[in-house]
Structure formats: C-alpha cells, structure tokens
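Trainee: Sequence:
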Amino acid sequence: MAEELRLKYNQTFLEEFVKAIQSHYSDFVSESFYQAVLQDDWDDLALMDRFKRMADATYHTLDLPYADVVDLLIKLNSTCQGFDYLFLNDIIWKYGLEDLDHSFRGMAVLTTGSSSEFAIRYFLNHNFDASFAFLKELSLSDNEHHRRLASEGTRLRLPWGQAVPDLKIHRSEIFELLERLKADPSLYVRKSVANNLNDLTRFYPDEVIDHLKTWKNQDPKTDWIIKTALRTLIKTGYPPALAFMGYTQDFEIKQAQLALDSLEVHDGDTSQISYAVRIHSPVPSKFRLSLAFGFQKANGQIGEKIFYLKDTDFVNDVTISGQKDYRWKDLSTRRHYSGKHYIRLLLNHIEIKKVDFSLNKDH
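The numbers in the working numbering rise by one with no breaks, and the one at position 244 of the sequence shown is 1440.
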C-alpha cells in the first residue's frame, strides 16, 4: 500500500501543490521547488522519505521566518487536506522544535485537515512535559480532531510514528488523559482511545484491565471502547481479560466436530472447513468460538493465526455450527510453506478439537 501511496506524489501533484502555495504567496519560486524535490534519487525514495523531501523543499523555497511559514501552512489547511498533505506537518517538526508556541498552534490547525499525530511525537521526545500539556489541553477541545490527536499522539506503538520511550514512564498520565475521552461522542476519537489502550495491553495488560474495571457498565460508548481495547488479549486468550469480559470456563462440551474436505492440500486449493459444537453451561455465559491455524514457517517451526468465528451469550444448551473457506494462496502478509499443518477449534481459547493435515506446494 505504501508503494501505491508514494506514487501519488508525481509531477501533477507537485504542480497542484505549487498553485495552492502561490495562491497565498506569489513569490514562491516553482522551479526551485521542483529542482529540490525531483532529484535523481526521487524514484527510489520510500513514502516517508518523500514526505521529508517535499517538506524540506517547501520550507527552503519559501525562505521565510518560521512563524511566517506556520501562518502560510494554516492558510493552506483550508484546501490541502487529507493523507496526501501529511508532509506539511514534517515542516513543523523539522524546523519548529525550538518554537513551541508557533508549532503547537500550527499542529492544532493542521490536524483538523489531515493529522499531526506523527509530528507531535518529535515534540514529545524533545520536550515531553510541554508537549504532553499541549495534548492534555487538546483533549478538552470541542473539536474531535483535537481530541483524537490527544489520544493518537500518546499511543505507545503508533504505526509509522517515531517511538517515544517516555510514554511508558508516564503511562499513568496517559490513563488520566484517556479518562476524559472514555465516552467521547465521536467514533473517530473512541477508535483512537481503544487503539491507545490496545497498545498498552501489549506491555501492561493487568494495569489496563484494572483501569478498565472502573469504566465498565457506565456508558455503551465506553463499553465499546473496552471491548475493542482488549481485542488482542481476547484473541490470544489472556485469562484475566477473558474473565473480565465474561468468557467463562464453566461449561461442558456435549459434542464437537471439526473437519476439512481434504487432508492433503495443494497450492492454490480452497479448503472447506466445517465445525460444530454443542455446549452446556449451568449459568449465564459468554462464548467465543475461533479457529487457530498452525502454519508451517520457513524455518520449520509452526506459527499460529487465529480466525474469529462467533461470539454468543446463552444459558443452558446451545449448538454452534458453520463453515469457513480458506484459500491457500500466498499474500504479502503471509506465505505458505509445504509441510505439516493443523487447525484447532477453540472455545474461549480452550482447544476442543484438532485436525492435522499437509500442504504440498509442489503440486
């Protein structure tokens, strides 16, 4: 996907961008900008490197005091919006780390048109206290983009974002910030809060669960955040998370079936996987049914991938059945290798049935 995105930044895009700048600043020299951007290595640059190149070229071609550059970026925000213009924030962090007032003002505006989530990471590393205070202030804003930046900017594992080691040290402050957003009216913000918490569960699962216990059953919007935040712990079967979300182990398997249409699979085949389970539970219970694929890896070891099937609440007896198709075709995110494989049927992450089979890619 990054490959497709970087190809957007072609001559046509650059020309449209130059027109946008010149509509606010007629002295912008287009040829100097093109020359600075389209150097010999341009075609080889990855997406983020293209962002930095365009940011540098814009800043140096403008040749204005930093405060004036920020004023121009704010004007551009009305028309230069969306992912395509994330690189405008690169100007902020590359040239404004020592001018917090203008930089914070610029990011507060630019994040409403695209996002300042990557830029704020550099400020957190440069001056954590001032930058975190800025995000706390944004968490109280009436603008959903500001509130989302407060959450997204403080994620421990922001995709494509610079690591900020101090966030782990100050995670109690992150919890306090997210407390303000736990029932946010904007789904855009709530998704970010859930992702922030999900990041935290990868390092501090028990701390997150203990904190979420104070949130549970207060508001449907908050309960959605809790469920989404714990998705990784639930998927991997972390017992305290399963218990917190009501997935019981107090059940009896009356019947369990798991079958593949063929135990000899070849490259390009589509496996039909059928499953059925009849469960008895003496108390109101919550159940999650999943399939765990044991894939042969290049090094000869087995790696598991879990596929969610169904979530249900019930009392006494219930039967769950269905079918899943899986095509044995290599993807950019998963390659298949010949050898022994397996599929496990999991109920609340407890194995109730397993089938072994083989994949032959030489067919």
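Derived from the structure by calculation, the hints contain no laboratory data. For clarity, every value in this text was computed on a predicted model and none was experimentally measured. Just so it is clear, CB atoms sit at the ideal spot from N, CA and C, and this is done for glycine as well. Heads up, a few of these hints could be off.
Quick list of the computed label-pair ranges, beta carbon to beta carbon [to be verified]: (1) Glu1375 to Lys1550: 23 to 29 Å; (2) Ala1329 to Arg1427: 45 to 51 Å; (3) Ser1226 to Gly1518: 56 to 62 Å; (4) Ser1368 to Leu1260: 25 to 31 Å; (5) Glu1372 to Ser1458: 34 to 40 Å; (6) Leu1260 to Ala1494: 22 to 28 Å; (7) Asn1413 to Arg1353: 26 to 32 Å; (8) Arg1427 to Glu1369: 39 to 45 Å; (9) Lys1271 to Ile1365: 33 to 39 Å.
Trainee: Does the hinted range 33 to 39 Å hold for Lys1271 and Ile1365 at CB?
Mentor: holds, 38 Å
Trainee: Confirm or reject the claim that Leu1260 and Ala1494 have a C-beta distance inside 22 to 28 Å.
Mentor: Hint violated: Cβ distance 53 Å, outside 22 to 28 Å.
Trainee: Quick check: does the Cβ-Cβ distance between Ser1226 and Gly1518 fall within 56 to 62 Å?
Mentor: Distance hint for Ser1226, Gly1518 holds at roughly 60 Å.
Trainee: Given a hint of 23 to 29 Å, does the C-beta separation of Glu1375 and Lys1550 actually sit inside it?
Mentor: Between Glu1375 and Lys1550, where Cβ atoms are some 43 Å apart, the hint is violated.
Trainee: Taking the Cβ atom of Asn1413 and the Cβ atom of Arg1353, is their distance within the range 26 to 32 Å?
Mentor: At roughly 28 Å between Cβ atoms, Arg1353 and Asn1413 fall inside 26 to 32 Å, so the hint holds.
Trainee: Range hint 39 to 45 Å: satisfied by the CB atoms of Arg1427 and Glu1369?
Mentor: violated, 24 Å
Trainee: May I ask you to test the hint 34 to 40 Å on the CB atoms belonging to Glu1372 and Ser1458?
Mentor: The hint (34 to 40 Å, Cβ to Cβ) is violated, given that Glu1372 and Ser1458 are roughly 55 Å apart.
Trainee: Mind checking the hinted window 25 to 31 Å against the Cβ distance between Ser1368 and Leu1260?
Mentor: For Ser1368 and Leu1260 the Cβ distance comes to about 41 Å; the hint is violated.
Trainee: Check the following: the C-beta atoms of Ala1329 and Arg1427 are separated by a distance inside 45 to 51 Å.
Mentor: violated, 31 Å
Violated hints, in rising order: 1, 2, 4, 5, 6 and 8; the structure is consistent with all others.
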